[in-house]
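All chains, full assembly: derive it from the sequences and hints.
Residue numbers (my numbering), protein chains in the order written: chain A, 6 to 292; chain B, 143 to 513.
Hints in this document: simulated from the structure, not taken from any laboratory. Please read these numbers as outputs of a predicted model, since none were measured by experiment. Backbone N, C-alpha and C fix where the C-beta goes; we use that ideal spot for every residue, glycine too. Please note: incorrect hints may appear among the correct ones.
[As the list claims (entries may be wrong)] Capping the alpha-carbon separation at 30 Å, the derived lysine-lysine pairs in DSBU-like fashion look like this:
#1 160/B - 98/A
#2 326/B - 259/B
#3 208/A - 98/A
#4 421/B - 149/B
#5 208/A - 100/A
#6 252/B - 208/A
#7 208/A - 249/B
#8 208/A - 278/B
#9 160/B - 100/A
#10 326/B - 278/B
#11 326/B - 149/B
#12 278/B - 259/B
#13 208/A - 259/B
#14 278/B - 252/B
#15 160/B - 149/B
#16 98/A - 168/B
#17 208/A - 318/B
#18 252/A - 58/A
#19 249/B - 326/B
#20 421/B - 160/B
#21 149/B - 168/B
#22 249/B - 278/B
#23 249/B - 259/B
#24 259/B - 318/B
[Unchecked claim] Away from chain B, derived, C-beta distances all over 10 Å, residues of chain A:
#25 16
#26 98
#27 113
#28 239
#29 267
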Amino acid sequence: MSEINNRAWFLVLPVLVIVAFNAIIPMMTMVNYSVQDIFGPDNRYFVGLEWYKELLGDVELRNALRRQVTFSSLVLLIQVPLGILIALTLPQKGKSVAFCLIILGLPLLMPWNVVGVMWQIFARADIGLGGAAIAALGIDFNYSRDVLDAWFTIVVMDVWHWTSLIVLLAYSGLRAIDPAFYRAAQIDGASRWQVFRFVELPKLAGVLTIGIMLRLMDSLMIYSELVVLTGGGPGSSTSFLSQTLVKKAIGQFDLGPAASFSIIYFMIIVTLCFVFFRSITRAQEGE
Amino acid sequence: MTEIQMKNLRHSYYPNPKTEDDYALKSVDLTWEEGLAYALLGPSGSGKTTMLNILSGLLTASEGQVLFDGRDVTRLDARDRNIAQVFQFPVIYETMTVGENLAFPLKTRKVPAAQIKDRVGFIAEELGLTALLGRKARGLSAEQKQRISLGRGLVREDVAAILLDEPLTVIDPAEKMALRRTLKSVQLHLGVKLIYVTHDQHEAMTLADRVVVMDDGEVVQVGSPEELFENPAHKFVGYFIGTPGMNFVDCALDGSDLVVGNARFALNGAVQTLAGTSKPLSFGIRPDFLSLSEARPGRTIPGTVTRVENHGDEQIIAVDVGGAQMLARVEDHVRARAGENVHLNPDPQAMRVFAGQRVVDLPRNTFGDLT
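Right, dumping it as structure tokens:
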């Protein structure tokens, strides 16, 4: 190999530097912390994998993970079908299209903690419109005291905040379908359900995969809204992985356990997303 | 087998059409006979697709009727008519196998499973899809997909006609021939009426028993390919069919003669017919029926060669005949050079006179039956 060719490696250098600073170095810092017991800057001890062993047996982490999986599955199961359904009922042309899309897009533009504050007030039985409406039906509704009420509130909030994402993706996918497909189905005598199952759904597979992945990743990372809305309570019934991590890292200043928790958290997200992605794409290929 | 009739059919895409120009189809009266292959030929925007969609029921005509064997189906939805359609781009159900695709139209009509299996097997054999029956339809070539779309029409035994909307557009040239052969053989074996929309005259001429030529929302002529070539009823048919198209030169009556450029032709008693029309007259002849000869007054048209195109076994010679150009298709051994003065000798049987756009019906011996 000639010298000139080897110089080309320098062109890769900027990327290496950027990746190092934004991913590898912080990540390695975490790994470094996670294998030590730290009392102060000059007072720390190497403990090996002890924190990991402890955490994997930790009930708090396991419960948080269980709640996290329940929450993520719940919101995906609601948002994906609901989003597709709304996309199917949206008008296809005319002035109302822009209007509908803007209305639907609004929740997506709101910052997470603003959404939290909105729902914190909205769901209150004494002064919030939503909470008061439920209370008026004769139901004793209190999301800060009752576990079910709290779950109900956060799921509805997340559905309100994010269903539009699926709607917009599905809508764009539907618009891209050539009218000839609908005509052919009509001539073949297909029912509305068959048109959806054999024409629309296969054509939506691509955008839906992206939508589901985005929603899955986001729901696994949910934090701000819950801090504002329920603070993880009542008790720790709505504490998911993020809250539990913050409680450990900031609240108790356990840098070692917090770092190992972070790494486990990260691995959980990566693994879940990867497994999920593979199973979706495999299902599509296998169809 | 069904005879399809269209009566006073008009269609406009506007809700309140005012002028004739608002109509995409202007008064169509047409009978599609049983068991024949039809080609619907015309340039883009001539109303072919509109006509097809009205036939299939995807569109309801604004005025007039569509009758299947006398039964009025004008307002019937595509689902309820026994019509199938093949689109320009192959339309298949991607998640199904080839076999499931073919079975789908029967399944939706609740045909018993055993019957579906037999019919799908039979049609797959006919279309050369048997080996692919178990394959996913998604990964196949455009040509194979187009066979599947055709098959979804053919599996329905009650199908009255299969409409094909320029089905060869996206097919590789190498595979076009094979698909065209399949279409022809399917038509012969199954006796299904095919209605084939195209703007390619060669496709129309090779596939169809009858060609329906459309222009500007009107059917200008219906006939066999030979008829359209030999007796175009409308100038447009003359232009559109044949390569190069028919020659048209303005002409005028002078006493009992017809003056074409610098030539005069005696009209054997047809003067009355021609004098009766107020529309501008033009003389039409196909390049195939012109030859070069010595000057023969009353028989030949003098002119100057402006261009010679050699096409291998034949040549196209452009001749200026006094302000207008005529093309002649002659054999390759005929010597002609640009600038040369020549005499064009038209076949008297092939000479036509048009008044406005329409041909004037003249007796066969008008220009003499001698050569």
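Given hint residue 259/B paired with residue 326/B - CA-CA distance at most 30 Å: holds, 24 Å
Restraint status (C-alpha distance of residue 278/B to residue 259/B at most 30 Å): holds, 17 Å
Verdict on residue 113/A as a residue remote from chain B, using beta-carbon distances over 10 Å: holds, 30 Å
Given pair status - residue 149/B, residue 421/B, alpha carbons within 30 Å: Distance of about 29 Å is within 30 Å: holds.
Proposed proximity, residue 259/B with residue 208/A (alpha carbon, max 30 Å): The hint holds at about 28 Å.
Pair hint outcome, residue 98/A versus residue 168/B [Cα-Cα no greater than 30 Å]: holds, 29 Å
Holds or violated: residue 326/B to residue 278/B, with C-alpha atoms at most 30 Å apart: holds, 27 Å
Pair hint residue 208/A and residue 98/A, alpha-carbon separation not exceeding 30 Å: holds, 20 Å
Consistency of the no-contact label for residue 239/A, given chain B and a CB cut of 10 Å: holds, 46 Å
Pair hint outcome, residue 160/B versus residue 149/B [Cα-Cα no greater than 30 Å]: holds, 21 Å
Hinted pair residue 160/B and residue 98/A, Cα distance within 30 Å: Satisfied, since the Cα-Cα distance of roughly 26 Å is no more than 30 Å.
Pair hint residue 208/A and residue 249/B, alpha-carbon separation not exceeding 30 Å: holds, 22 Å
Going through the hint list in order, the structure satisfies each hint without exception.
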